[in-house]
Amino acid sequence: MDQTVVRAGLPQAVPQASDIPREKLPARRAGRSRWPARLDLLQSASGLFLALFLVAHMFFVSSILISHEAFYTVARFFEGVYFLGKPYPWLVSCVVGGVLTILVLHAWLAMRKFPANFRQYRTFANHRRSLRHRDTGLWWIQLWTGFALFFLTTAHLYGMLSQPELIGPFESADRIWTGNLWPLYLLLLLTVEIHGSIGLYRLALKWGWLEGRDPAASRRRLRWAKTGMSVFFISLGLVTLLAYVQLGIAHADRAGERYVPAASTSSAD
Amino acid sequence: MTANATPRRLELRILRGTPMAPSPPQFESYFVEEAEGMTLFLALNEIRSQQAPSLQFDFVCRAGICGSCGMVIDGRPGLACRTLTRDHGSVITLAPLPVFEWLGDLSVNTGKWMRGMAERLETWIHTTGDPDRLSLEAPMEPAEAEAIYELDRCIECGCCVAGCGTARMREDFVGAIGLNKIARFRLDPRDERSDEDFFALIGDDDGVFGCMTLLGCHDVCPKGLPLQTQIAFLRRKMAAQALK
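These protein sequences, in sequence, are chains A and B. Under numbering that gives the first Met the number 0, the first residue of the first sequence is numbered 0, with each subsequent residue one higher. Under numbering that gives the first Met the number 0, the first residue of the second sequence is numbered 0, with each subsequent residue one higher.
Here chain B stands alone, though its shape is the one from the complex (with noise of 0.2 Å):
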């Protein structure tokens, strides 16, 4: 949009309702007039304070950090916070994502479902001895440093469960997520489990091998994480344990 080109008129069609309205959920159109630069957060946070009060979404750093207000934009997962309008027509419609415990219009609880993911899949560091709280940790090497936090640059947003045919259609599959996560504590070198224990946590149709290659996860995730030579990986690697 140049500085004198008349501004956009947005509709955006969100759909409205809470789980214990008596009525369905609806989709309901608010229009906002488009501004260099906007954002789908700034458009939602206009409507909440000038058209709709009861507007329910969730957002916390507006940065792509916290991983509070992914939604369903036109038919695909993604953040609120790091959607420009001006890559969207003049109708935006949204939807809360699927998959996760629905609050209200565009709010989820994605807390719920990580927490028993992560409690499921056991995703904190695994050590048999004690150690020293009060002192230093050992040091890693630089690159193993870096190759962790590559995939621990997941915010939990729920794009990738959102985005997943698999996950959708079986809601014990435990997304990419989940297995991003397990590859994440898999190159930990603090973490003492070895592959027979992660195929206990991983090595089913519930896990790595309900995976079907969709690659929604991969493709809609907002971090840009490398979720299809992560889960490629982890499934050789827990095929070769079944082999053993």
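Bound conformation, chain A alone (with noise of 0.2 Å):
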């Protein structure tokens, strides 16, 4: 091909790289802050973690539903009862004290995304509401969970934090019945796993995770994992719930009462 004839058809005011003064250039401009960066790392990595914490704690308060014994030995055993030979509840506070660190540092950095005004809040809801889109309404939905939750964690979290020494049969299916906390479990229950599986979801597709050859075929997946994350998860926790309420029932007229396993029963006898 003729460049002279290229050329000629460019218009004149197309700037060409060698146009730019070097001066110009962006190059090695060393000024822009790492933090944004920095901060949105932070807040996909306690969101992942909080999220596999999440995980973990359903299937340890679900052990209830093998026996009393067997959450009795979950419980102790985060207490060191079986590497320290005697239960140390304040290893539990220490537990639940970095986990609550890591939830608040999560909800501060998640707080950076929230409508900053009513402007934007209006904007935004207008745009979900005409938009009509899977994606957009999911965050959304994350939005209005975290939001519950800085509240409903903080509870749940208080309490295990300044009484860790009563966590066990007996001492949870009092505190979740005779202490009327159940209200609270079961809004906590749909509001952590909904938005716990939509932060995984999204946390996959934000950084490219499980993408592979068919990245619309992968987002579908993610989608049914998501879901069925979800319908898993409050399935359990309310079969468990529902167990501790059972529990806690049966054991109203003796609330209170610490949980002694049936071992010590036997020996003590």
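Source of the hints: derived by calculation from the structure; they are not laboratory data. A couple of the hints might just be wrong.
Stated by the list, open to error - Derived contacts from chain A toward chain B, CB cut-off under 7 Å, selection only:
| id | residue |
| --- | --- |
| 1 | Arg33 |
| 2 | Leu40 |
| 3 | Ala44 |
| 4 | Phe123 |
| 5 | Trp138 |
| 6 | Leu204 |
| 7 | Trp206 |
| 8 | Pro214 |
| 9 | Ser217 |
Glycine included, every Cβ here is placed at the ideal spot set by N, Cα and C.
Take the two lone chains, each set in its own frame, and fit them into one complex as the hints suggest.
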């Protein structure tokens, strides 16, 4: 092709790279802060940690479905009884304190993306309503469940932090039924499982994990996994909560009595 | 619609008004008889020629190439020339794309926004050398050229910006189109900028770290650009750059 023709076809106003003085090139600009990137990474890392903790936590608390003894064993495990010879409830407080710190950090980081004023809130709400787009709606759900979790999780974690020794089959069941905390746990279960599964789904899309060769198919699979995770853990949580409620009702007239495992009772006899 | 079926009578509710008009914009209804394979562009043209000569909407190519006829169609951004009326109900609501400067009715000035974005993100090839413009460019690997072309298919219609909740809330956000441009120039072997240079352009909350992964951009893009994967890729690269 005749290069002169090509060149003649270009509008004269189009800048060519060589037209730009070297000093105007953005190369090696070091002034940009690294903090927005670090905060984004921290938000994702803290969210991933909390979601994985949530999964493990659900399996731990649902051990009550196996037996009272199983849950008692899990509770004492976290008090270090199998490593240190006797229970140290403050170890549980340390774990809860760590989780609470990460939770507050995650909430603070996530708040950066919340609508900052009424104009932004109204704009986004109208946009979501008009667009009727699934992933935009998922973020909106995450925003509201996240907002609810500010209160629900801190109430739950404060109880665990301040009374770590009261985690056990009877102790937890009494707290849930006689202590009237079952509505809080019910709300907490629904919001945290929805928030967590959407969070993991969005995290995978955000960083391009599990994309494979067909990102569209991968996204569909992730969506199924998200829904499956929500359904599984909400079901598990409801059954578990029901088990604690039943135990709490049965134990209501002896509320406050600590659980003593059968082995200890027989050895004491 | 089969050949013998009675054609539908479409109602197009169009947001009418101009920025200088004393009264606020309001929806006005126009009725057209649906034709086989009718696009919204054809319906709008019919309305303008027969019912509302003052109706403003933009078009050039009528084939999904120029990106001029972007508008909000039943709540979702899309191109009028690529939208078949048969895919919609008998009442179709049309509004101008948000975010961009509104010129009147369905017409917006996407060019002004695109120009600002291009200048801000410096979306041209940066090189320190002084290439001889009269000689042929150095050849490029076909796979490399195809990868660049894949991202270069963007027609700057503005649908991704209008479909992005972040861009709607935060006017300084560069949008998927800006990030796609950076991904395109990052691929180009003629562009000598490093990831540090690109980080300087998009490594903040107005750039790639402001993206909330709502994916409205990806899902409404009329050209089917891989915006989801490109933004995730850039996020990983820019995060790695931040950790250096």
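To see whether the hints hold, each was checked on the structure:
{"no.": "1", "hint": "Arg33", "in the structure": "holds, 4 Å"}
{"no.": "2", "hint": "Leu40", "in the structure": "holds, 6 Å"}
{"no.": "3", "hint": "Ala44", "in the structure": "violated, 11 Å"}
{"no.": "4", "hint": "Phe123", "in the structure": "holds, 5 Å"}
{"no.": "5", "hint": "Trp138", "in the structure": "holds, 5 Å"}
{"no.": "6", "hint": "Leu204", "in the structure": "holds, 5 Å"}
{"no.": "7", "hint": "Trp206", "in the structure": "holds, 6 Å"}
{"no.": "8", "hint": "Pro214", "in the structure": "holds, 5 Å"}
{"no.": "9", "hint": "Ser217", "in the structure": "violated, 10 Å"}
Checked against the numbered hints listed earlier, the structure breaks hints 3 and 9; every other hint is satisfied.
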